[in-house]
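Asker: Each chain, letter by letter, is given below.
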Amino acid sequence: MANTQEEVSKTLTIILTEGPYRSQYVEMAHNIAESAINNGYGVNLFLYMDATHIPKKNQNPHSFPNVGERLRQLIKKGADVRACVRCATARGHACDKTSYLKGVSITSVYDIPGWVRESDKVITLSG
Amino acid sequence: MEIEELEYEIFEEGPMVRKVTIQEIKPCIVAENMIRVLLQLDREVSEIIPILVTKYPPGNVNYIENKNILTLNIYERLVTLYPSGKISMNKTIDKEDAIQVVTGIMEVINQLYTELNNGDAVDYSEMKEKLSKIGPLSLYNCLPKTDCEECGEATCMAFAIKLLSGDITLDKCTPLKDGMYNEDVSCLEELLGHQIMETMGWYDSRDF
Amino acid sequence: MDSILIIVDKAPYGYEDTFSAFYVAIACLNKGMDADVLLVGDGVYAAIKDQEPGGSIDYPKVGELSYLIFPEGNIFVHLGSMIERGVEEDDLVEAAHIIDDTKLYQIIKSKTKEKAFVRI
Numbered sequence: 001m002a003n004t005q006e007e008v009s010k011t012l013t014i015i016l017t018e019g020p021y022r023s024q025y026v027e028m029a030h031n032i033a034e035s036a037i038n039n040g041y042g043v044n045l046f047l048y049m050d051a052t053h054i055p056k057k058n059q060n061p062h063s064f065p066n067v068g069e070r071l072r073q074l075i076k077k078g079a080d081v082r083a084c085v086r087c088a089t090a091r092g093h094a095c096d097k098t099s100y101l102k103g104v105s106i107t108s109v110y111d112i113p114g115w116v117r118e119s120d121k122v123i124t125l126s127g
Numbered sequence: 001m002e003i004e005e006l007e008y009e010i011f012e013e014g015p016m017v018r019k020v021t022i023q024e025i026k027p028c029i030v031a032e033n034m035i036r037v038l039l040q041l042d043r044e045v046s047e048i049i050p051i052l053v054t055k056y057p058p059g060n061v062n063y064i065e066n067k068n069i070l071t072l073n074i075y076e077r078l079v080t081l082y083p084s085g086k087i088s089m090n091k092t093i094d095k096e097d098a099i100q101v102v103t104g105i106m107e108v109i110n111q112l113y114t115e116l117n118n119g120d121a122v123d124y125s126e127m128k129e130k131l132s133k134i135g136p137l138s139l140y141n142c143l144p145k146t147d148c149e150e151c152g153e154a155t156c157m158a159f160a161i162k163l164l165s166g167d168i169t170l171d172k173c174t175p176l177k178d179g180m181y182n183e184d185v186s187c188l189e190e191l192l193g194h195q196i197m198e199t200m201g202w203y204d205s206r207d208f
Numbered sequence: 001m002d003s004i005l006i007i008v009d010k011a012p013y014g015y016e017d018t019f020s021a022f023y024v025a026i027a028c029l030n031k032g033m034d035a036d037v038l039l040v041g042d043g044v045y046a047a048i049k050d051q052e053p054g055g056s057i058d059y060p061k062v063g064e065l066s067y068l069i070f071p072e073g074n075i076f077v078h079l080g081s082m083i084e085r086g087v088e089e090d091d092l093v094e095a096a097h098i099i100d101d102t103k104l105y106q107i108i109k110s111k112t113k114e115k116a117f118v119r120i
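Residue numbers (our numbering), protein chains in the order written: chain U, 1 to 127; chain V, 1 to 208; chain D, 1 to 120.
Misleading hints may appear alongside valid ones.
In silico SDA-like links for lysine to any residue, alpha-carbon gap of 20 Å or less [to be verified]:
#1 U:Lys76 x U:Ile32
#2 D:Lys49 x V:Glu5
#3 V:Lys86 x V:Ile22
#4 V:Lys162 x V:Thr146
#5 U:Lys121 x D:Lys115
#6 V:Lys91 x D:Gly32
#7 V:Lys67 x D:Lys115
If you're looking for bench data, these hints aren't it; they were derived computationally from the structure. Note that the structure is a prediction, hence the values are computed from the model and not measured.
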């Protein structure tokens, strides 16, 4: 109880622009997010451009870790995950409401400034 | 939104600018439910911009000298003039509102063009040094500093600040205008110079 | 964090990134956040004027987006990158603000604590 006033929760925002499997950026984002959550950070993850492929349901990679599964775990642990509507629509994900994993909101880039404001750190993982 | 370019003829016989074209309309980035408009005048205006700088209250002017780009805080919005004749403005209601505003600006441009050709225009470079020294404090120092409130403001400092942004004119200071503080008038003439004093509304029937 | 610098190092049209980066800047300005764009490396090509991406590509014009950002936000174009690529000031849109390494250092150094750097 003694230190609660000093333990102000910090927030990390990650902006991800890369699609899954082709590069390791998604895995890196997951690792950083998970580590941050385990250290008591609030984590926001914004999926931009090709990263809007990540939350697609029913992924079944043979030689790689399942990116959708890992994202589901992050959401369970409290990460706030949002995807860009323009990018998701372009890639065919926004039209069909059942395309995405549960817990991922399709919003817009207009959420980024609000997140930047409330964050202690902002990192972009971009190829 | 993609729109066809719309051309408007504003001044059929304008000495410098006659027509303007609306090139782009996009949602305004700083005000909801308003638009941002990009227009193109029918000719480039690089020679007029340095003169235009001197015609507006210093507090409403942002001039990037090395690019000759002028941003004015007028008509309750930011209007940016580029040497190519492009004009952008935010916080606009609709295209009719944009045309109304740009008509006012084209009028001033044409007027200044005439003055320029008559040798009457004052260029920014002549006033640059003066403009850099004008601020609320230097203005305040040239006012009566009595806080008499005859201008409608509570203090002379408030008057100085409003003067800079063009929200009040210099002739509203009746003690100054009535010749009670001639030293202060000289101080203002020294600080501002004739052109800026005129922009601030000092000369009316006393034009020479 | 109360301001943002969006860094672009890819040329437009070949990658969607440049266009998308400008959109992030516009979104931030829309929400009242101080936002500037830094074009470095191949990103300087985004500021070339009179782009006409019609035809088979048919992307929106990236150069025109600079008129949506300026004057509320700045479009900084890195001088060293321009020189490397033979790009000259006259080639650029009017709103572009050319900066050298000294100015770049100052921008990065000033208020680093409150400025978010986002490279897309």
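Asker: Each of the hints needs a verdict: does it hold here or not?
Answerer: Hints and how they fare:
| no. | hint | in the structure |
| --- | --- | --- |
| 1 | U:Lys76 x U:Ile32 | holds (16 Å) |
| 2 | D:Lys49 x V:Glu5 | holds (18 Å) |
| 3 | V:Lys86 x V:Ile22 | holds (10 Å) |
| 4 | V:Lys162 x V:Thr146 | holds (17 Å) |
| 5 | U:Lys121 x D:Lys115 | holds (9 Å) |
| 6 | V:Lys91 x D:Gly32 | holds (14 Å) |
| 7 | V:Lys67 x D:Lys115 | violated (27 Å) |
Checked against the numbered hints given earlier, this structure breaks only hint 7.
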